[in-house]
Amino acid sequence: MQPSTFAPLSARRLLVLGGIGLILVGMLFGDIFAVFVLHQNAARVGASLAAAAHAALAGDHAAVLANFRGVGAFLENRGTKVDTHVHMIDFGYLALLLAILQPWIAFEKKAKQGFAWLFLAGATLLPVGVFLIHYVGLASSPLQTIGWASIFADFGGLLVILATLGLLLGLVKYFRSHTPAHVKDGLFSDRSAAGRFLLAGGMVLVLTGFLHGAYYAGVDLYRHEALDSSILTEMAKAAAANDAGAVDRSLEAYGQLQGDKAVKIAAHAHIIEFGLLAMMLAFFQPYVRLRETWKIRWVYVLILGSVLLPVCVLMELRYGLVAGGLADFGGLLVILALLAMWIGILRYTGQLDSQAGEV
Amino acid sequence: MSGSRRLLILGGIGLALWGMGYGLWYAVFAEHQALNGIGASLTTAFDAAASRDPGAAETAFSKYKEAKYIYDRQVDVHGHWIGLAMLLIVVGIAFDRVRFAERQKLVLACALLAGAAIFPLGVLLQTFDHGAIPRGIAILGSVLVIAALLVVTLGIAGREALSE
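Going line by line, the protein sequences match chains A and B. Read the first sequence against this note's numbering and you will find it ends at 359, with the numbers running on by one and no gaps. Read the second sequence against this note's numbering and you will find it ends at 164, with the numbers running on by one and no gaps.
Check before you lean on any hint, since a few could be wrong.
[To be verified] So, partial list: chain B residues that the calculated Cβ filter (under 8 Å) puts toward chain A: (1) ILE13; (2) HIS32; (3) GLN33; (4) ALA45; (5) ALA49; (6) LYS65; (7) TYR69; (8) ILE82; (9) VAL90; (10) ILE93; (11) ALA157.
Think of the hints as simulated: they come from the structure by calculation, not from any bench. Small disclaimer: the values here were computed from a predicted structure and weren't measured. Every residue, glycine too, gets a C-beta built ideally from N, C-alpha and C.
This is chain B alone, in the form it adopts within the complex:
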């Protein structure tokens, strides 16, 4: 098996296990608490509105906004790590159909693996820091994955065209 294929398949399985482990940790230790926090802040906000206390309602809504922001990203990270890992494995298995030289294929495999790992990582980092750096990491990861996959598709299409 070529090095690029090995990198994609092993990297993909490693990433899938990492994503599943993260999901298991999240389900056991964080998800229920997060959902309770979201529900409680919403209830508090409307309860404050019923007491004609807009200040308390606004405070509760900012808690809701933060809790929802974190919850959405944590769930997205779990799904994206595993989804991208599966894509890496499938692309790895089909990698012998890509017409490029092994060196180029290794670069493509590295780009795919790096993108698949850092895109969800960037999203996860946004839960700690709302600044531009985590967002930039997520964008870089997604660009790497999309660009590499586009080149792989062209490589496979070229091979198919040649073989016809």
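Looking at chain A on its own, in the form it has when it is part of the complex:
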């Protein structure tokens, strides 16, 4: 391993530690959101929709409007939290990818470092801005539909794009040079058991997720879309016909449909994301300063959690809270394994820095 590729405040070190940090915070946020907000919020959306349907039944226009404002607010609250969770994790993934590519980016150390800081600033600003959208709203905004939090979030996104574009230019510069220098990097030649298991396990997880996605698109997607609209139409027709029983039946069917959709999409997204994470972590195993047996144990924990979470999410509709609890436990296993690897990398940086200090 060449310590120069992982020097203090080098682009690679910033992106690796920052990237895993973003993924960890994003996952923790997701777990907290799932336990304390998601289900309660879904119940509130359902209750507001039911109240709107019953208001229509009673011919109460004002109550219909008020309840739909409630549905809109709950959905915005939920949507912005999901977006915060997803963007933070995805930017973490992108940071890890850019960290792997560093030896091929033909810029000076300072320039690469600048792009890494710019990336991390944008990758933090966007999710924080998105999280605040629900709370800041349109207060003091110069625009009609977009508030300050959205503006800052979009600015964060722009910073990420600029940083990624800058690093891409460095990569293009490398490839355009007449005789590109051969890149020697210990991360690419590592064939440790932990790395190989993560890479193979990750690819199998991604493939499983793709197959599940294809099945969902072929069997459920269009059926769900048709049902979504037809159930709501039936609900409104029943309300117009003053048929309370039919309204309640439609409400129940709509709740079940939303649950079915949510668990299938969540399982598909999570198994692929965990697979991709495992594949990326495979390359950083040489930086994880833990004993080989412990490295393997954490790999097992990560893969186990990566399978447990999506499988249990899929079973949530049938087995309820037990499956939900197991899914959250799966998420916790992934977080713990990732934290252990992050600590291992921190130990490695400490070792490198102390060796450099002795020289």
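Got chain A sorted already, so can you dock chain B onto it with the hints?
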């Protein structure tokens, strides 16, 4: 760096930038308007039901259905382009571990890149045309990605088995 590896890494970064640019455009110019449209059509539908006007409710619901159909696909396209781009880059970095000849690896890389680009494109085209062609493009893209990834996995597994 081999041509296949270069194609996957550069193609992946290009696709990620494209997906992010699309997401930025969508967030600034389309998303809020789309969400407002979905909310407004739902409210109008139930308001019409409160007025005992099933015809108006049905019209509003068809607007809701169309707006939701477009919104879901536009968000999916953003996520899938970026997600697949990241997969291309990771697979590209690991491509020296695939045991096939460079020519075969180049075909695999082309299939992966083409699939990753056209699968979300097919989904996006469905927002303009609900017919079979956009759906067919999306299916072709997903088949290309899944088949190529399956072969890559076998190639890596073969290499690992040989090296043990």
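Quick rundown of the hints versus the structure:
1. ILE13: ILE13/B check passes; min Cβ-Cβ to chain A is 5 Å, inside 8 Å.
2. HIS32: holds, 4 Å
3. GLN33: Interface hint status for GLN33/B: holds (7 Å vs cutoff 8 Å).
4. ALA45: Hint on ALA45/B: holds, closest Cβ of chain A at ~5 Å, below 8 Å.
5. ALA49: For ALA49/B, the interface hint holds, since the closest Cβ of chain A sits about 4 Å away, which is under 8 Å.
6. LYS65: holds, 4 Å
7. TYR69: holds, 6 Å
8. ILE82: Where the cut-off is 8 Å and the nearest Cβ of chain A is about 7 Å from ILE82/B, the hint holds.
9. VAL90: holds, 5 Å
10. ILE93: Holds: closest Cβ of chain A sits about 6 Å from ILE93/B, inside 8 Å.
11. ALA157: holds, 6 Å
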